[in-house]
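Enquirer: Generate the whole structure from the sequences, applying the supplied hints.
2 protein chains.
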Amino acid sequence: MSPERFLARQDKLRSLLREAEVDAMLVTGVSNVSYLTGFSGDSSALLIGTSVRVLISDSRYQTQIAEECPGLEADIRTQKTKPHDQTAAVIAQARPGKLAVESHILTVSERTRIQEAIDKTDAGKGIEIKPLADTVEKLRQIKDDDEIAATRLAIRIAERAFVAMKATLTDDLTERQVAHELEHAMRRLGADRAAFEPIIAVGDHSAMPHYRPGERRIGESSFLLVDWGAALPSGYRSDLTRVFATGTVPSQLQELHGVVLKAQLAGIAAIRPGAKLKDVDSAARRVIEEAGYGEFFGHGLGHGIGLHIHEEPRLSSIAEGELQPGNIVTVEPGIYLPDFGGVRIEDDVLVTPDGHEVLSSLPKDLV
Amino acid sequence: MSPERFLARQDKLRSLLREAEVDAMLVTGVSNVSYLTGFSGDSSALLIGTSVRVLISDSRYQTQIAEECPGLEADIRTQKTKPHDQTAAVIAQARPGKLAVESHILTVSERTRIQEAIDKTDAGKGIEIKPLADTVEKLRQIKDDDEIAATRLAIRIAERAFVAMKATLTDDLTERQVAHELEHAMRRLGADRAAFEPIIAVGDHSAMPHYRPGERRIGESSFLLVDWGAALPSGYRSDLTRVFATGTVPSQLQELHGVVLKAQLAGIAAIRPGAKLKDVDSAARRVIEEAGYGEFFGHGLGHGIGLHIHEEPRLSSIAEGELQPGNIVTVEPGIYLPDFGGVRIEDDVLVTPDGHEVLSSLPKDLV
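Protein sequence lines correspond, in order, to chains R and H.
Under our numbering, the residues of the first sequence are numbered 1 to 367, in order.
Under our numbering, the residues of the second sequence are numbered 1 to 367, in order.
Heads up, a few of these hints could be off.
Pairs count within a copy or across copies, as identical chains cannot be separated in the list.
No more than 27 Å apart at the CA atoms, straight line, and that leaves these computed lysine-lysine pairs for BS3-like [to be verified]:
#, residue 1, residue 2
1, LYS82, LYS130
2, LYS130, LYS120
3, LYS166, LYS278
4, LYS138, LYS82
5, LYS98, LYS364
Because the hints were derived from the structure by calculation, they are not lab data.
Expert: Structural data, given as structure tokens:
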């Protein structure tokens, strides 16, 4: 990505900081630092405000920062300085009257250590620390062209790996083995790793929405739920779910599948700029409720994806807010019948200026 | 593991809580909850104290808790309750006068939310929240027999995968491909995943202690540094490093290798119960300093391994404390020459009642 991309993001954050009436923010979230600067390492913080922009890091990362963040000022710690003393010194030099910290990321101990280190500095007395949550995350939910392209690639890799996995699936493989094969195939295709631990659920294991793959073999039931995605080296990721037959499926599974598919299409159809998040959820939920399965759809309809696998906006019955162009969300209704099994169908959908585009393209048929 | 194992750990924690003069602790660290209860899920907290022991979780995990934690009381949230209201209600019912929270894990926002939710309850007024760091971690640094056996297995898997990787290594593979092959092999052998992203560093890339594998190919230099480990499904892990020739290595590399190996053996020889952590570090560091490379060994000698890849105790020049039987530590001195390359040799060592046992066994020769 071009350096201008990062400068534009930083300018947007500065506007949010002005709105929040703080002079600067200490960004400590690894993904947030990366989003704002392009730096791909960790253990580093960005101090950013009206009149300051400096990456606080250590000597391990000096070369990497010079390569990845041309033009960005960096304060490099040597081994003799403690991390929070370094952070405090950089803050004291910038002297922000009000300093925001990422309160949803910073631990209680880290906050205390930074406060104590600032108080020890000469300039420290005048600095007020203000907890501020989910600020960079507000920017991250609107994807720019580079991020949309990266997400398309992460989806394409996941889909190709799924096709390869399905083509070579045998009855004797365990859930865990299938999960590992899937990740291996995604990596061969350019992924850095799986976007999350793939859910490979044989038969009634699919009734648990967050099942972890175990030792059950594919041949032990007649259907399989696969929930997987790819993460690129840049961090962007995909998230998909399919259920398919590995034998003769019970007629009830076919019925569930028909209902979930109808609900998913209804949810997707409701996606456009300005649509209320809860209305998109209810467009899909209504279909499942009308079929009599409402109580078996126990989670929200979807969530944003990006550098994290779960981001804003959330599509759920209690979510506030509306969709905006540039959101990329999953649409993943499900029905889960204990001791029988579950069906979930999940695609990744981009909110466009005049509607939506389904970014994923795998067939959704059960058989 | 037997339920008695977990009860014993809980009793030890209760002793530490009494020493810290608190009535109960809200354990929120995922690995800490797992260590104390055997529960392998996440998004759950354990409230434990003199007269209370309850796992706070949600309906997704109800079945799993019953299976993994027989006899453990669980408070299961339904969808209509907010997580922090549930936590506050459980705390209010137990009414600890002083409640410790894991301040090195809990975020500033989480602490605020829990405080506010407690204050809303009737019993809440009398409860004082006390930040307490690294308490369960104190217990975790002494491994019991089950943990030692798990670590042995994690080492064995990593070593077998390394042998397989080395046997099939070709010049055209990239660092990233080797990393992925290594993880795939470890999984075939029973690992859940790599213990951390493997460091595969061709040639002068090895001069960066925290290098991330990239697109350089094996054949582009004459030596390779591999730092890798396996994580079991139970979470226990190994951590090893070897450097070996893939061509005709420069004589300076051979010299570095000889110094590092001598330093590593000196570090290992210093390991016994009661040895000061900083003395073990300096036993190895002295060898490197005397060879004139002191300034190129910029990190500590080693660290504990267990459910996390970096645990207490740390072997470093600023570490306080002594080794105790049951510690498992890495011993990994290195010399890193910018633009030339680095050598690090790492093994995993158990502190026994009368000395030490090197748990890993791969040859350390360069050629």
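Enquirer: If a hint holds in the structure, say so; if it does not, say that too.
Expert: Hint check results:
1. LYS82 with LYS130: both (23 Å within a copy, 25 Å between copies)
2. LYS130 with LYS120: Cα proximity of LYS130 and LYS120: in one copy and across copies (18 Å, 23 Å).
3. LYS166 with LYS278: neither (35 Å within a copy, 54 Å between copies)
4. LYS138 with LYS82: between (32 Å within a copy, 22 Å between copies)
5. LYS98 with LYS364: neither (52 Å within a copy, 54 Å between copies)
Checked against the numbered hints given earlier, this structure breaks hints 3 and 5; the rest are met.
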